[in-house]
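Visitor: All chains should be built: construct the whole structure from the sequences, respecting the hints.
Here are the chains, one letter per residue:
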Amino acid sequence: MGGYGFYVWGSYIASLIFFVWEVVSLKQRKKVLTQQQQQSSKPVSTPVLRGSINETTS
Amino acid sequence: MFYPLAGKLIPWFAIPAALLFATGLFVGFFIAPTDFQQGDAYRIIFIHVPAAWMGMFLYVLMAIYAGIGWAFNARLSSMMASSLAITGAMFTAISLITGAFWGKPTWGTWWVWDARMTSTLILLFLYIGFISLQAAIDDARRADRAGAVLALVGVINVPIIYFSVQWWNTLHQGATIRLLQKPTIRGSMLAALLIMLAACWLYSVAVVLIRLRCIILEREQSASRFAEVGV
Numbered sequence: 185m186g187g188y189g190f191y192v193w194g195s196y197i198a199s200l201i202f203f204v205w206e207v208v209s210l211k212q213r214k215k216v217l218t219q220q221q222q223q224s225s226k227p228v229s230t231p232v233l234r235g236s237i238n239e240t241t242s
Numbered sequence: 038m039f040y041p042l043a044g045k046l047i048p049w050f051a052i053p054a055a056l057l058f059a060t061g062l063f064v065g066f067f068i069a070p071t072d073f074q075q076g077d078a079y080r081i082i083f084i085h086v087p088a089a090w091m092g093m094f095l096y097v098l099m100a101i102y103a104g105i106g107w108a109f110n111a112r113l114s115s116m117m118a119s120s121l122a123i124t125g126a127m128f129t130a131i132s133l134i135t136g137a138f139w140g141k142p143t144w145g146t147w148w149v150w151d152a153r154m155t156s157t158l159i160l161l162f163l164y165i166g167f168i169s170l171q172a173a174i175d176d177a178r179r180a181d182r183a184g185a186v187l188a189l190v191g192v193i194n195v196p197i198i199y200f201s202v203q204w205w206n207t208l209h210q211g212a213t214i215r216l217l218q219k220p221t222i223r224g225s226m227l228a229a230l231l232i233m234l235a236a237c238w239l240y241s242v243a244v245v246l247i248r249l250r251c252i253i254l255e256r257e258q259s260a261s262r263f264a265e266v267g268v
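First to last, the sequence lines map onto chains A and B. Every position in the first sequence, counted from 1, becomes a number in the numbering used here once 184 is added. Every position in the second sequence, counted from 1, becomes a number in the numbering used here once 37 is added.
Hints listed in this document are in silico derivations from the structure and should not be mistaken for laboratory results. Please read all numbers here as calculations on a predicted model, not as lab measurements. Beta carbons are placed, not taken as given, at the ideal position from N, Cα and C, and that holds for glycine. Treat the hints with care, as some may be off.
Reference listing, derived: stretches of chain B covered by chain A, where coverage requires no fewer than 3 residues with Cβ under 8 Å from a Cβ of chain A [said to hold, decoys possible]:
{"hint": "1", "segment": "126-138"}
{"hint": "2", "segment": "169-175"}
{"hint": "3", "segment": "239-251"}
Capping the alpha-carbon separation at 25 Å, the derived lysine-lysine pairs in PhoX-like fashion look like this [stated by the list, open to error]:
{"hint": "4", "chain 1": "B", "residue 1": "Lys45", "chain 2": "A", "residue 2": "Lys215"}
{"hint": "5", "chain 1": "A", "residue 1": "Lys214", "chain 2": "B", "residue 2": "Lys45"}
{"hint": "6", "chain 1": "A", "residue 1": "Lys211", "chain 2": "B", "residue 2": "Lys45"}
If you anchor each label on the Cβ, the simulated ranges turn out as follows [stated by the list, open to error]:
{"hint": "7", "chain 1": "B", "residue 1": "Pro41", "chain 2": "A", "residue 2": "Ile197", "range": "50 to 56 Å"}
{"hint": "8", "chain 1": "B", "residue 1": "Ala108", "chain 2": "A", "residue 2": "Ile201", "range": "34 to 40 Å"}
{"hint": "9", "chain 1": "B", "residue 1": "Arg262", "chain 2": "A", "residue 2": "Val207", "range": "26 to 32 Å"}
{"hint": "10", "chain 1": "B", "residue 1": "Glu255", "chain 2": "A", "residue 2": "Gly187", "range": "46 to 52 Å"}
{"hint": "11", "chain 1": "A", "residue 1": "Trp193", "chain 2": "B", "residue 2": "Trp49", "range": "42 to 48 Å"}
{"hint": "12", "chain 1": "B", "residue 1": "Leu42", "chain 2": "A", "residue 2": "Gly187", "range": "46 to 52 Å"}
{"hint": "13", "chain 1": "A", "residue 1": "Leu200", "chain 2": "B", "residue 2": "Thr221", "range": "28 to 34 Å"}
Guide: Structural data, given as structure tokens:
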């Protein structure tokens, strides 16, 4: 690079860091949202109480 | 309807972007010759100039979408503005950093307060201000309106950046390419520059669509939570 290697490669490496950061952060954001969506769409199981007060004793 | 459509479009922009980046870098590094004045330092142009153009272009686009969202209460438009902001800020930061790397060997300094560089730094601050303002306001509609005001006021900075090299006696060189004039750079250099610009544009569309889908999901989830609580 005629003595300019530090400046040329420095520019492209800095740019690459930005691009990678953006893509990785977007993937992470999407992953978190997808997990939240899956959790909110799961049916909530209501706990079954033993010895319910509605039971009648005969 | 837009959410699934955006999902289908993303690969059509992401894959060509990757291919064009590879092509542009190959042409820029292996086909374009060494500059007789600046030596190989000029090769920074292939990322610096497209990043600078994208930073300005995305700001104008962001202001347009924010304005439409505000004027017509169009939520998707406002969400698009929010989605554009981070990518635009990133490109502006890249143009400033690569400009500093280019300035050191050519001008002997990492930074000068000349018109173009100062106005580009202001553009970055405007982007950061827009992102921070939207993040600070919980209510999405109010955040969109506040962001729209800032974006529209700040758009005046873009022509200042563009014409700064003509209006003031600046250290920064003049335009590399002019629409109405024959380009003064060699064909292979121009080709690499335009290929990298196309790559940056396609990349921007892909990431903006991905982020927009995230924003749509976030707002839907937020609205569902409010509905459950009964607000």
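Visitor: Which numbered hints are broken by the structure, listed smallest first?
Guide: 2, 7 and 11
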